[in-house]
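Colleague: Chain residues, written in single-letter form:
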Amino acid sequence: MCPSFSSRASRLTLIFAVWLFSTTPVMAALTLLGGVFDGSEPAVVSLSGYEPCQYPLSYQRTAFQVSADGSYDLMDALDNVWGFGAIGFYARVYQGQFNPAAPQQNALTPRDYWLYTLKSGVNYDLVVQQGCESREGTWSIWFDGPGSVSSSRVLTVPQYFAGSFKSSDPTMKSICGPTTKTPYQQTGPIRVSRDGYYYFSDSSMKWSVSVCLLVYTAQVFPGLPEANLAGYMLYGRNRIYLQSGTDYYFVTQSIGGQKTGDYLFVLAPPAPFRINSGLAGAWFNPETPGQGFFLAVFEKINRVFLSWFTYANGTASSTEGDQRWLTALGPFEGRSANLLLEWTSGGEFNSSEPVPDQYQDGNIELEFSDCASGELRYNWGESAGAEPAASGVIPIQRLTSDALYLCETLIAGPGLPGPL
Amino acid sequence: MIAPMGEQQMPTFEPTASQIFKYQMAAKALVISLVFGASPAWAVGSVLSGLFDGSEPAVMPLTVMPLEELECTEKPKGYLQIPFEVSAGGTYHFKNAFGQTIFNSPTRLGVGVTALIYERDFDVTAPEKNLIASVVFNWLSKRVNLTEGTPYILVVQQWCAPWEGVWAVTFTGPGTINSDLTAAVPWFTSGRVTADDPITMNSCLSWWDIYQSRYEHVGPFQVSRDGLYYFADASASELCVTFFTAPFNPDDWSANYLTSVGDGTGPVRLEAGQDYYYIAQVNSSIGTGEYFFVLAPPAPFRINPGLNDSWYNPATPGQGFFLEVMDQLNQVFLGWFSFSEVPSASEIFNHRWLTALGPFSGTSADLSVEWTSGGAFDATEPAPLQYQDGVIELEFTDCNTGQILFSWDGEDGDHPPQSGAIPIERITNDSIDLCESLFRGPGLPGPL
Numbered sequence: 087m088c089p090s091f092s093s094r095a096s097r098l099t100l101i102f103a104v105w106l107f108s109t110t111p112v113m114a115a116l117t118l119l120g121g122v123f124d125g126s127e128p129a130v131v132s133l134s135g136y137e138p139c140q141y142p143l144s145y146q147r148t149a150f151q152v153s154a155d156g157s158y159d160l161m162d163a164l165d166n167v168w169g170f171g172a173i174g175f176y177a178r179v180y181q182g183q184f185n186p187a188a189p190q191q192n193a194l195t196p197r198d199y200w201l202y203t204l205k206s207g208v209n210y211d212l213v214v215q216q217g218c219e220s221r222e223g224t225w226s227i228w229f230d231g232p233g234s235v236s237s238s239r240v241l242t243v244p245q246y247f248a249g250s251f252k253s254s255d256p257t258m259k260s261i262c263g264p265t266t267k268t269p270y271q272q273t274g275p276i277r278v279s280r281d282g283y284y285y286f287s288d289s290s291m292k293w294s295v296s297v298c299l300l301v302y303t304a305q306v307f308p309g310l311p312e313a314n315l316a317g318y319m320l321y322g323r324n325r326i327y328l329q330s331g332t333d334y335y336f337v338t339q340s341i342g343g344q345k346t347g348d349y350l351f352v353l354a355p356p357a358p359f360r361i362n363s364g365l366a367g368a369w370f371n372p373e374t375p376g377q378g379f380f381l382a383v384f385e386k387i388n389r390v391f392l393s394w395f396t397y398a399n400g401t402a403s404s405t406e407g408d409q410r411w412l413t414a415l416g417p418f419e420g421r422s423a424n425l426l427l428e429w430t431s432g433g434e435f436n437s438s439e440p441v442p443d444q445y446q447d448g449n450i451e452l453e454f455s456d457c458a459s460g461e462l463r464y465n466w467g468e469s470a471g472a473e474p475a476a477s478g479v480i481p482i483q484r485l486t487s488d489a490l491y492l493c494e495t496l497i498a499g500p501g502l503p504g505p506l
Numbered sequence: 002m003i004a005p006m007g008e009q010q011m012p013t014f015e016p017t018a019s020q021i022f023k024y025q026m027a028a029k030a031l032v033i034s035l036v037f038g039a040s041p042a043w044a045v046g047s048v049l050s051g052l053f054d055g056s057e058p059a060v061m062p063l064t065v066m067p068l069e070e071l072e073c074t075e076k077p078k079g080y081l082q083i084p085f086e087v088s089a090g091g092t093y094h095f096k097n098a099f100g101q102t103i104f105n106s107p108t109r110l111g112v113g114v115t116a117l118i119y120e121r122d123f124d125v126t127a128p129e130k131n132l133i134a135s136v137v138f139n140w141l142s143k144r145v146n147l148t149e150g151t152p153y154i155l156v157v158q159q160w161c162a163p164w165e166g167v168w169a170v171t172f173t174g175p176g177t178i179n180s181d182l183t184a185a186v187p188w189f190t191s192g193r194v195t196a197d198d199p200i201t202m203n204s205c206l207s208w209w210d211i212y213q214s215r216y217e218h219v220g221p222f223q224v225s226r227d228g229l230y231y232f233a234d235a236s237a238s239e240l241c242v243t244f245f246t247a248p249f250n251p252d253d254w255s256a257n258y259l260t261s262v263g264d265g266t267g268p269v270r271l272e273a274g275q276d277y278y279y280i281a282q283v284n285s286s287i288g289t290g291e292y293f294f295v296l297a298p299p300a301p302f303r304i305n306p307g308l309n310d311s312w313y314n315p316a317t318p319g320q321g322f323f324l325e326v327m328d329q330l331n332q333v334f335l336g337w338f339s340f341s342e343v344p345s346a347s348e349i350f351n352h353r354w355l356t357a358l359g360p361f362s363g364t365s366a367d368l369s370v371e372w373t374s375g376g377a378f379d380a381t382e383p384a385p386l387q388y389q390d391g392v393i394e395l396e397f398t399d400c401n402t403g404q405i406l407f408s409w410d411g412e413d414g415d416h417p418p419q420s421g422a423i424p425i426e427r428i429t430n431d432s433i434d435l436c437e438s439l440f441r442g443p444g445l446p447g448p449l
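Chains as they are written, first to last, in the working numbering: chain P, 87 to 506; chain E, 2 to 449.
Since the hints were made in silico from the structure, they are not lab data. In this text the structure is predicted, and so the values were computed from the model without any measurement. Just so you know, even glycine gets a beta-carbon here, dropped at the ideal spot from N, CA and C. Do not take every clue at face value.
Residues on chain E that point at chain P, a partial pick, calculated with CB under 10 Å [what the hints assert, rightly or not]:
no., residue
1, D54
2, S56
3, P58
4, T64
5, A196
6, P199
7, N309
8, T317
9, F323
10, E325
11, S345
12, S374
13, Q389
14, P418
15, D434
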């Protein structure tokens, strides 16, 4: 236990958790910095030197200063939820500016792992680098030191992420496992902004305290600790499905070797959906069976390629001569893609001659709600009189739900922790 | 900093012989066992390994870590039963070989399993009955006393997400584990670091400081095929293994250096025909002891959802294919956009498209071709006519190349009989990495 942290909970600010030593003028503070790797970052050789891969790894550079001299302990806030898809990364502090052409230049040597001695008024760079997996996703780092950290990447986090169990707190036994009553603290009602899995990662171990987070749909009754219980998370990590619009009460309970002391955790929201390779496959509108779409998503070149299997517009016959197919290609961002339509004609089945004619006319806008549904808006003019001008909106869904899990757990899918 | 060295013995293994080790193959199974000299205490490493391919029976989790991983207890998970016996009675340590790999990485490097040992019988309706030991998905090992001549059953169950792929459970103890799924253990995957061994830098710890420890030098050895191999530590103490493409030179550490693996797990890219060497270092306080690790070969390619993409034959630009692999349904759906066999002056586009659906196994799929006509653009009516005529055989070489064999007789439609073979490849290589990292792709450990 670190007794100097005993009054942490009462000193939290909106941006960062700050606490005062109760009997000394020395200030200690927690600040959370975070960001998202989205694949657009520059890359450089492994800064740690112990990554097994030989290729350059993406990094993000963040300038920061601290408000007080002293030792700052940097901690991966999502360290415990790797198993749920949080990315692995390496962090290093540089005095002055990081130079990717000389990545060891200006690098500070940590006293122990990620423990740095920093001074106020000095410009530092925090460089966060992906591991060999090079997966996109969220990173977040707690700075635990005598002062606060100022940076464009400081995150605003709820006050209940940090606190201190005191002997004066109410106690109870709960499903978290203590055989005796231990202190707990309650916060609520709390609402989340969107449905999905929320990821709990406990960073309290350095203070010899473990925290269990119990989530209730009403205020806890210590005598009936399982009443209205929506879920609980202990052993440092877990996730829970929460719904927007529901009032929750978060109860933090001490379950470690020490009943009292400081605790620190995060509850990361689900990553927002974005277009990813898991969307590749067959899509259709159930209202128009017998026609549909195939999608391919090219993550590295940021393109969606679509094929549309349909029929001639306005006429119908029983012959295959009225079949129509067209393709479209274009960039995507977030949940939408803007494609240019390409019309192809004049080829011959499985033959290199004659070379088909191809020209562009029209657009397709793809907008996905999630991994299972979306909307396709199309329009084109009257090019060469081949097909009449047309425009419309088509709701689309997957032909089967087979690849939903893949889509939700790829890259920045909602099955992974998202930005705090 | 020099790691403390001494004459202490490992509490579990007490080898006294100074020679590196011997190995022997168990006659009944393909087990290569390690026997340490003439020492009265000796340890044998065995690996039981198999595949989850989705065809296994499923049952609610037989055991879970107490009060943890709630979402992992919600659905039935596949399980396998492997009868086994031991060649000598005594205390055995067993663990999930890929536990550390899975803990260290959210990607699907091997299948996480819960391993349970039953004496004589396993009753899925009463999973506590006859249970004598269990170990959950993680890297911790468990101790169990086993008796020669007693029939046991190892039950392995998928942990949490029901991923397909290779599982492996390692045993170390006084005898071999004899079963139908006992894997051959290469001679170079175990050994012993002794107090007589030389000292050099420990590359797994050197990023903390200049850390040195004793090492055993092993090699040369070769592997049977190119690819990414997966190191999984099965030792009592944490092991650091550094690979070289020539004999290790302590005076020039960087010469012929390939990679270091530690922290229980790590990938190593190896090529068939190349001689490799390694130095093994035990990261315990005494720096000596026996070690045992699994080096899982890359998994063989099989059809997986990473193939969902646009494919074509470069010889026929302007036409091509889209694929969707439905892994859970074990089906492949194909869309083919092309042209008519005989261009018609009355047709402007000359378009033809068709779809095909069918099951897959391994690297191939057999699809039935479906012809569709009579619909109208983006309209509910008239409902298109659909009928089946013909077959498509898909055969993939790897995540980027394959072949389509097609044939149809054309009796029921306005297309003539056709047959042929078309080599296909992706229109971009964008998703090859994804394909190789999914399920039992070559980016994952394969059968041992």
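Colleague: Each hint: holds or not?
Modeller: Cross-check of the supplied hints:
1. Annotation: D54(E) was flagged as interfacial toward chain P, and the flag is violated, the nearest CB pair being 16 Å apart, outside 10 Å.
2. Here the hint on S56(E) is broken, as its CB sits about 17 Å from the closest CB of chain P, past 10 Å.
3. A distance limit of 10 Å between C-beta atoms decides the matter here; for P58(E) the minimum to chain P is near 21 Å, and the interface restraint is violated.
4. Taking 10 Å as the C-beta cut-off, the interface hint given for T64(E) is violated, the closest approach to chain P being about 16 Å.
5. The interface hint given for A196(E) is violated, since its Cβ lies 28 Å from the closest Cβ of chain P, which is over the 10 Å cut-off.
6. The beta carbon of P199(E) comes no nearer than 23 Å to any beta carbon in chain P, farther than 10 Å, and the hint placing it at the interface is violated.
7. The closest approach between the C-beta of N309(E) and any C-beta of chain P is roughly 4 Å, which is under the 10 Å cut-off, so the hint is satisfied.
8. Against a cut-off of 10 Å between C-beta atoms, the interface hint on T317(E) holds, since the closest Cβ of chain P lies about 5 Å away.
9. Restraint check, F323(E) versus chain P: the minimum CB separation of about 3 Å is within 10 Å; hint holds.
10. Evaluation of the E325(E) hint against chain P yields a held restraint, the C-beta minimum of about 4 Å falling below 10 Å.
11. With its C-beta approaching chain P no nearer than about 7 Å, S345(E) sits inside the 10 Å limit, and its interface hint holds.
12. Interface hint status for S374(E): upheld, as the beta-carbon distance to the closest one in chain P is roughly 5 Å, under 10 Å.
13. With its C-beta approaching chain P no nearer than about 14 Å, Q389(E) sits outside the 10 Å limit, and its interface hint is violated.
14. Of the supplied interface hints, the one on P418(E) is violated, with its beta-carbon coming no nearer than about 12 Å to a beta-carbon of chain P, more than 10 Å.
15. Residue-level restraint check for D434(E) holds (minimum Cβ-Cβ distance to chain P is 8 Å; threshold 10 Å).
The structure fails hints 1, 2, 3, 4, 5, 6, 13 and 14 (numbered hints given earlier, in ascending order).
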